[in-house]
Amino acid sequence: MSDAQQPALRLQGIVKTFPGVRALDGVDFEVMPGEVHALLGENGAGKSTLMKVLAGMYQPDDGKIIIAGRPVRMTTPIEAKAEGVVLIHQELSLVPEMSAAENIYLGELPRRSFGRVDWKTLEERSNTILKRLKCSFRSEVTVANLSIANQQMVEIARALTVDARVVVFDEPTASLTDAEKVVLFDIINDLKAQGVGIVYISHRMDEIFTLSDRITVLRDGAYRGTLTTAHTNEDEVTRLMIGRSLDLSRDEAAPTFGKTMLEVRNMGCPGLYKDISFSVREGEVVGFYGLVGAGRTEIAETLFGLRKPASGEIRVDGEPVEIASPRDAIALGISLVPENRKEQGLVLQMNCRDNMTLPQVQDLTAGPFVSQGAELAIFDQYRDRLAIKTPSWKQPVGVLSGGNQQKIVIGKWLSMQPRVLIVDEPTRGIDVGSKSEIHQLLRELAGQGYAVIVISSEMPEVLRVSDRIVAMYHGRIMREFGIHEVTEDSLVQAISGIRVDEPA
Amino acid sequence: MTRLKAGGPAIAKQGILVAFIVFMIAFSLMSDRFLSADNIMSVFRQSAIIGVMAIGVTIVVIGGNLDLSVGSMLSFATVLVVDLHDKIGPELAIPVMVLATLCLGAINGFLIGILRLNSLIVTLGMLSAIQGLVLIYSGGQNVDIVDQRGTWFAIFGRGAVFGIATPIIIFGALALIFHVIMTTMPFGRRVHAVGGNPTASVFSGIPRSRVVFMTYLISALCVAIAAIILGSRVMGSQNNVGQGYELQVLAAVILGGTSLLGGSGSILRTVLGVLMLAFIQNGLILMGQPYYTQWLVTWAVIIVAVWLDVAAKRGRLFSPIA
Amino acid sequence: MRHLFQNPVLRWLMRNPIWGFVLIVFIFFSLSSDHFFDARNFQNILVQTSTIGLIALGMTLVMINGNIDLSVGATLALAAAFAVDVQSWAMFATWGNWQILPAVCLALLVGIAMGAINGFIVWKTGVDAFIVTLGAMLGIRGLVFVYTGEQSFYAMNFAYSDFSAFSVGPLPVLALIFLLCVLAVHWLLSRTVHGRNTYAVGGNREAAVNAGIRVGPHMMINFMIIGFLAALSGVLLSTQMGAATPNLGRDYELWVITAVVLGGTKLTGGKGDIIGTLGGVLAIGILRNGMNLMQVPAFYVYVILGSILIAVLFLDKRFNTSTDGGLRL
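Chains as they are written, first to last, in our numbering: chain A, 1 to 504; chain B, 505 to 826; chain C, 827 to 1155.
Bear in mind the hints are in silico, worked out from the structure with no lab data behind them. One should not assume that every hint holds.
Said to hold, decoys possible - In silico DSSO-like pairs for lysine-lysine, Cα to Cα no more than 30 Å straight-line: (1) C:LYS950 with A:LYS342; (2) A:LYS394 with B:LYS817; (3) A:LYS52 with C:LYS1143; (4) B:LYS591 with A:LYS389; (5) A:LYS274 with C:LYS950.
Bound-form chain A, shown alone:
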């Protein structure tokens, strides 16, 4: 049995269900020693569930995990680590008040007599690992004082405390600068040269094509195929990922735009965005496209009264306005469907109806009491219109699927009859079916005369729903495209900060 032919790790027919969802449906996956195997799929395709199964955080309902030819059962991350499988989390799982060294060896601090920590060994070993990662900081520093990128390095350093067979990187470059990325890629190549199998999860095609040997694609929790990187191209991968070539088809009936509903002039907020000017007309969908952290959400929050802009002017329906709180925004007819549905959009233990009527509950009254009838009328109306699937309005929102939760939030804001509707990442983490329903809905809303702003990090989404696209990079608007002049290339360039002379 030589390691060369045998996969370092092999998953066979993995099934994992959650109440109401089949998150993984017979997934096969393998990594050879010394291979970088990229795992691709849209949000909600099951990547992170698969990784949690791998790391021992979830137990699969069915299927086998085989490590170096031996079927194993891993019930905790420790057991997984003991088997040589290490997961580097996308969200940092560090203890902020402890030193980098302590974090690297969390749970396995070297000991001396009387349960004392062997600081000397600890720091020697940690510094060796950090040096190998070409980190500029020492292991004694407190993690809370490190930059996010350096914290990420600490997270990666954790994987190097054992002789890892398989290291899983989950979106490792999300918070890294270009220079730091180069270091990371060196490390990955280093590990690869040592015969470690690498699982690399990322959304960024360019990274995947420079780094990986093979690519496996998941869609809707199911295995869709494995491609050899050298013999494929982005188009083929995309097709596997979304089940079709990029479908940019849309209702081509020429939209009719009304008057300008919202206009922003030279708005700025130090450290977040600068010199922002744009406008939205009635019946128009304006897509805001850019990378995470480009300042799009912050603009939405400003328009909704959650941030105070340092400069600039906002006009709603031609009138200059001051928006000091969400209540002001609501009074002006601005609605925001926020980015994070569970934290910002919903009160999870509250029932569907109450969540939907929350912003207007003080107006839906009969005498001093909330009018049950009025509330139910609103709920029924939007449940039917948005096809929300719930057994009853009494259901706590927390038990609904992501798509239905999102529709509750959208319903909540539609029921306010807004003049301007802002939706931030409307389809993040929801299934493909609901996704296209929501896209259709956004188009319909525009057709009915709403002014809509859609913020999205997914290119197919902005291309599909927008009439105009505003590309942002680093807190600035780089370029504005009409939907007919936009190309993928120009869009990607714009959000990467590459300025191209605009066509005259």
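Chains B and C: place on chain A using the hints.
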């Protein structure tokens, strides 16, 4: 008891009701006097003070905060109303005391609602500070009302209307009023929302600071009413009379199934928690046990009640942490 | 004094503002009271501080874990009752002064047992420590009353009540025990694996679980430590009084939490240390002592302490709000 039945199906789901009934049956089997009308009335009357305070604290807790200052606030209010009774007469003493107590509630509300400081620590600090204020005000002396027979102030603690003791009427009426407010009025909905998810509430245009501020005002108001009952019943006050009440009140609220995480809870279930603690105390005494055995039973009851609640939510009896 | 103003000291003070406060009240009372700056008074302060201080050491561990223990006052009373009562049991009648030994041992064991019960319940049921120990606070107090039958116990063996009068060199023995415990817990927290895991469990519970730290037993050990320290505090308090009363230790949990929070330990867990806690208890001790010497009625101490507690919270919030990035929530 019919009032409780009106809550119907909502209560029926709760284990606390089952526990309550089990205790009631057990005690009535062991003591003949337990279920007599006299005894039940006296338990109701005795539970009124804790009960009234528990109503306010329930609302604070549903709003996602704690109020540990109610105990020394009760000392403050009682000493104030009793002391002022002989100085400026009850018709002025009561409004002055209520206003002063509301001011304390407003301080809590300002620090926690507007400045967003941690409610446990703030109300802990207020507990200490208000106790100090009471001692300074009273000079460390206890206060009492000289003419105990001739004042109409006696009505609140010692009086009765249609044969029902006034404290019971006050407690029952307040419970009903606040239950209605919390379940059917916009304010109640907003308190639930703010306690359940403060961020999402702000994103829904709810004035979070104001809502939290109001919950502390209500809590202070309830303390003031409890102080009127207490002062009127005792016709005097020790300067630390409310010491330890905050924890008994909190115990009743927790027993009623209100989550300390905020966002869920019910006034009627709190009333059930209050009554349950009172009946346990009463039943044990009728059985000839010393009064402090109730604390041992309370210990077990609180932990088992909350445990079952938590276990039902996570779907397994024991915590998964290793 | 010159070295005080060198940079490292100032920087250290910035991180431990409570010691700045201790310094200020110390100087204030030294200047304004003739009796304050006096070796004998310092001994007093240390002895007075030791009762709250011992429990605060344990509370620091429990709070860094992200838990809280409200039952310490009752545990203290229970241990004190055992310590005083057991020495007069008939079976030890012939032991002479040695009868104190089993009494104290049993008292300390009772304390550990109470902590173990709390910890075990927190571990196994997953109920919040606040609720578990709130119940225990009532329940253990009930145990005290059951055990004592509402009576106070008086120590018949005078060696017991004389113990607190001993001094080792300049240090009263109670102060010495306290300081030794300070060192021991500081060592535990900063040097041992268990201590470092205490931060991990409180700072990021999920990461700790994923890293294989057995969070349940870990928290139980810390509850046992605070039970032990509360019992020790109860024993020492009963030697001072020569007696144990059933209401001993009432409200101590509030004082202890105040001291620990003043010392910079976060209620949410993950942050805090013994140096801060020592500052917290000393601040309270000096304040009470000094105001007593200046004949300020004890009432004012409550108001001042409450206000300081809230002020500390306020300042902490003012200087440590970078997380929300200007979002108006």
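Structure-based check of each hint:
{"no.": "1", "hint": "C:LYS950 with A:LYS342", "verdict": "29 Å, holds"}
{"no.": "2", "hint": "A:LYS394 with B:LYS817", "verdict": "17 Å, holds"}
{"no.": "3", "hint": "A:LYS52 with C:LYS1143", "verdict": "36 Å, violated"}
{"no.": "4", "hint": "B:LYS591 with A:LYS389", "verdict": "66 Å, violated"}
{"no.": "5", "hint": "A:LYS274 with C:LYS950", "verdict": "53 Å, violated"}
The structure shown violates the earlier hints numbered 3, 4, 5.
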